[in-house]
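Peer 1: These are the residues of each chain, in order.
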Amino acid sequence: MAHSRNHIHGAPSPSPGIWASALATGIILTMLAVLIGIVAFNAFGWFWPAEITEVNLIDGSRVIGPAVQTEARPSGAGERTKFKIGSRDIDGRDFRWIDDDQIESLQSPSELVRVERSEYGDVFGRLTKINDTTGRSLDPSDTRALQAMLQHGQDLRRQRRNLLEERETIRRPLTRIEEKLALKERSANAQSPETLQEIDALEIRRQKVEARLLPKLDGTDRAVADIDAELERGLLVIDTGRGVVTVALADVINVGFPNDLSFGGQVRETLKRGVEFLVAEPREANTEGGIYPALFGTVLLVLLMTLAVVPLGVVTAVYMTEYARKGWLLNLATQAVHNLAGVPSIVFGMFGLGFFIYGVGGTLDRWFYAESLPTPTLGTGGILWASLTLALLTLPVVVVASREGLLAVPRDWRDGSRALGSTQWQTLRTIILPAAMPGILTGVILAIGRAAGEVAPLMLTGAVKLAPSLPLDGSAPFLHLDRKFMHLGFHIYDVSMQSPNVEAAKPMAFATTLVLLALVAGLNLGAIVIRRRLQKAYRGGEV
Amino acid sequence: MSSHNTTPTVLASENLDLYYGETQALKKISLTMPERKVTALIGPSGCGKSTYLRCFNRMNDTIEGVRLEGKVLVEGHDVNAREVDLERLRTRVGMVFQKSNPFPMTIADNITYGPRMAGVKNKARLEEITEKALRQADLWNEVKDRLSESALGLSGGQQQRVCIARTLANEPHIILLDEPASALDPISTAKIEETLAHLKERYTIVIVTHNLQQAARVADVTAFFMLGEVIEFGDTTTMFTNPANSMTEEYITGRFG
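In the order they appear, the protein sequences are chains V and D. Start counting the first sequence at 1; every next residue gets the next number (this note's numbering). Start counting the second sequence at 544; every next residue gets the next number (this note's numbering).
With the rest of the complex left out, here is chain V:
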C-alpha cells in the first residue's frame, strides 16, 4: 500500500469508513422499502377480489371461501390451509384450518359469490334464490337482473338517507325547543316559580310547533316505511356449504363473482373497493366498511394544529432571534425549547387533559354552560383541545427550524435595510421573514409529519373509536370544535387490538396504515412543493 501511495495513478482505496456508512444507508433504505412493501401487500390483499374455492372434505362436508394461508402442520407431516369461510352467523366462525389429507376435492367454479353485508361480515357460497323488491323470484343465474336489483337497492337506500336528513331538518325547530326544555328542567333552580313558568311556556310552544310539523313528519315517516318494506322484500339466499344464509336487500353492501373476473376486472374491483374504503363509513365496530371519518378527522386535526402552531412558533422564534437580549436567559429558553422536543408525547397528552380539558374547558363550562353541568360541554375531549395539545407538542420543531431560518439570513441584508432608514419591524417584515420563509416552512413540514402520526396524546384529548358526527358539517356553526373525532392512528390501534374480530380485521388495519402513510407523505409533499415555489419566487431571476 505504501508503495502505491507514491503514484498519483491507480484506483484510490476506499476507506472502511465509507464502506460502513454506505452499508448502513443501504440497510436503512432496505428496511424502509420492506416496511412499505409489507404494509402495501397486506393492504392490497384486503381489496383484491381473492379467488373463492369450494372444498369437499373426506367426511362429506363442504366449505366455501378463499384460501388465506398455507403452512406446515404443527403436528406431523403434510400441510394445512386456512380458509376464510365467512358467514359467522351460522357457527360463529370466520376462518377454518383444513389439513391437506382431509380434502377430497377442490374447485373454483365461476358462479361462487361473495356477498358483503352490513352485519356479520361476508358470505361465500352459491346463490340459490333471489327475490326482487316486489317479492317476485328471479333466476339466480341471471346476472343482469341481479345487477339491476342491486342498483335499485342502492337507489332506495340513498332515498332513505335523504328522507331521514330531510326529516331532521324539518324537525329542527322542535328539537331546539326540546333541548331548551331539558336544560331548564335539569337546572339547579328548576323548582323556582319563574323557571316553572318558563317551562310551561316552552311546553305550550313545543306542542304548537309539534302540531304544525306533524303532518310533514308523518309524510316522511310513511315514505321511509315504504322503502323499508321494499328493501325487506328483496332478498338473496345463499348456500354456503355449511347451511343456507338469507340476506335482505337492506343489508347487502356488495355482490361479487371474483372467480368470473379477468385480471383487468380484478384490478378494477380492487380500485373500486379502495376508493370505497376511503369514502365509506365504518361498520361492525370498525371491522368492516370504510375509514372516511377517521381520515377526515386526521386531516382536520392536522390543519387546526398547523393554524395554531405556526403563528405561535414563528412569533417565538422571531422574538428569540431578533429582539431578545443575548445572555443566560436566552440560552436557558433555547435549551428549554430543545428539551421540550424530547418530552414523551403521552406527557403532552396528560398536559392537554389537565390544562386544556379540565382547566380551560372546565372553567369555560362553569362560566358559559353552567346549566348543563355536570355534563361537560367544553370540559371534555374534543378536536380543539387535541389540536392545541398537538400544537404544543410540535412547537419546538417549528421554533427551532424557524430560528435556524432566521439566523441564516445574512447580516448584510439586515444592515443594508437598517442603513436605508427602515425600522427593525420593517426590516423584519420585508427582508428577514421572506428570506427565512423556506426555513420556517421546513419546520411546518416537520411539525405536520410529526403531528399526523401522533396517537398517544390524542387518546387522552378526544380521539374516539366511533364518533357520531364529523367535526365539520352543514349545521351552524359548521366547525364544531368541541366534538370528539376519529383518527387514523387511533383507528389502527382500535382495529388491530380492540376489535371483536381481530383476525378478520387485521388486513384492514394494514389498509388504514397505508392510508396514514400516504396521508403523511402527501401532506409533506404539499408543503415541500409550496416551499419550492416560494424559494423560486424569492430568488427571482437568479434561477
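Since the hints were made in silico from the structure, they are not lab data. Note that the coordinates shown come from a computational prediction; the quantities given were computed from them, not determined experimentally. Heads up, a few of these hints could be off.
[What the hints assert, rightly or not] Residues on chain V that point at chain D, a partial pick, calculated with CB under 10 Å:
1) ARG167
2) THR169
3) ARG411
4) ASP415
5) THR430
6) ILE431
[Claimed, not checked] Derived lysine-lysine pairs resembling DSS-like cross-links, with alpha carbons at most 25 Å apart:
7) LYS536(V) / LYS570(D)
8) LYS675(D) / LYS642(D)
9) LYS536(V) / LYS687(D)
Glycine included, every Cβ here is placed at the ideal spot set by N, Cα and C.
Place chain D on chain V using the hints.
Peer 2: Just chain D now, with coordinates in the frame of chain V:
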C-alpha cells in the same frame, strides 16, 4: 437640520472615544469633513476607520457592547442626542457597504426600498426615483430594460452600483462608503470611482479604503488612522507627496500595513 447654515460643518466629531466592551477602538478623534468633497479614511486593518465611519449613521448601534463618549455631529446636530430620529438620520446619511448587499428583490424594488419604507406609495413617483437614482449611479443604461428582474442576477460591479443607487434614492446629503470596491475587479472599480467623481458635486462623501491609489485618485482630503487615533489629516495631494508625520510616510510608501 438646515444645510444652508452659514457655518456648514456637515460632518464632524469632537473628542470621540469608542469602546467595544473594555477595548478602546477610537481615541479622542476630532475631525471636520469638508462639504461636497470626498474624504478618504486610510490606515492598516483594525485601525478603527470603519468603526469611525459607522458612527455617523449610528450603525454601531446594531453591535452589542459598543459605548461612545464625545460628540458626533451631522449638519450641526449631535447624532447621539435623545431626540434624534434614527430612521431620518439614516436616510440623510446613506451608507454603502464593503460587500455588495442587494436585497433578493427586483432591481426596481431594491432602488425604491428606502422611499417605500419612508412611506412613498405613488407608483409614478417611485418610477421617477428609480430612474433618477440609477442615472446618478451610471447604471440606468445597463439595467433599464430589466428593472423587474432580480438584482441578484447582476454582476458584482453592477450589484455594488445598485447599492449606491439605492442609497441615492433616499436623497441623502452625506454618503458613507465602507471599502466599496475592495471586492471588485479593476474595471468595476474604475467605474465606481468615476461615479464618485461626479457625485461629489452634490454630496459630501466619506470613503474608507485600503487602496492607497484609490484614495489618491478620488479623495480631496485624507485622514490617516492608526490604532484608533488620527495620525494625520489634510489635503490628499500634500499627504501623499509630502507627509508631515513619519508614520504616514512609512505607511504610504508601503513599509508596513
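Peer 1: Would you mind marking each hint as holding or not holding in the structure?
Peer 2: Taking the hints in turn, this is what the structure says about them:
1. ARG167: This hint is violated: ARG167(V) lies away from chain D, its Cβ roughly 58 Å from the closest one there, beyond 10 Å.
2. THR169: violated (51 Å)
3. ARG411: Since chain D brings a Cβ to about 9 Å from ARG411(V), closer than 10 Å, the hint holds.
4. ASP415: Status holds, d = 6 Å.
5. THR430: holds (7 Å)
6. ILE431: ILE431(V) check passes; min Cβ-Cβ to chain D is 6 Å, inside 10 Å.
7. LYS536(V) / LYS570(D): violated (48 Å)
8. LYS675(D) / LYS642(D): holds (24 Å)
9. LYS536(V) / LYS687(D): holds (23 Å)
Hint violations for this structure: numbers 1, 2 and 7, all remaining hints satisfied.
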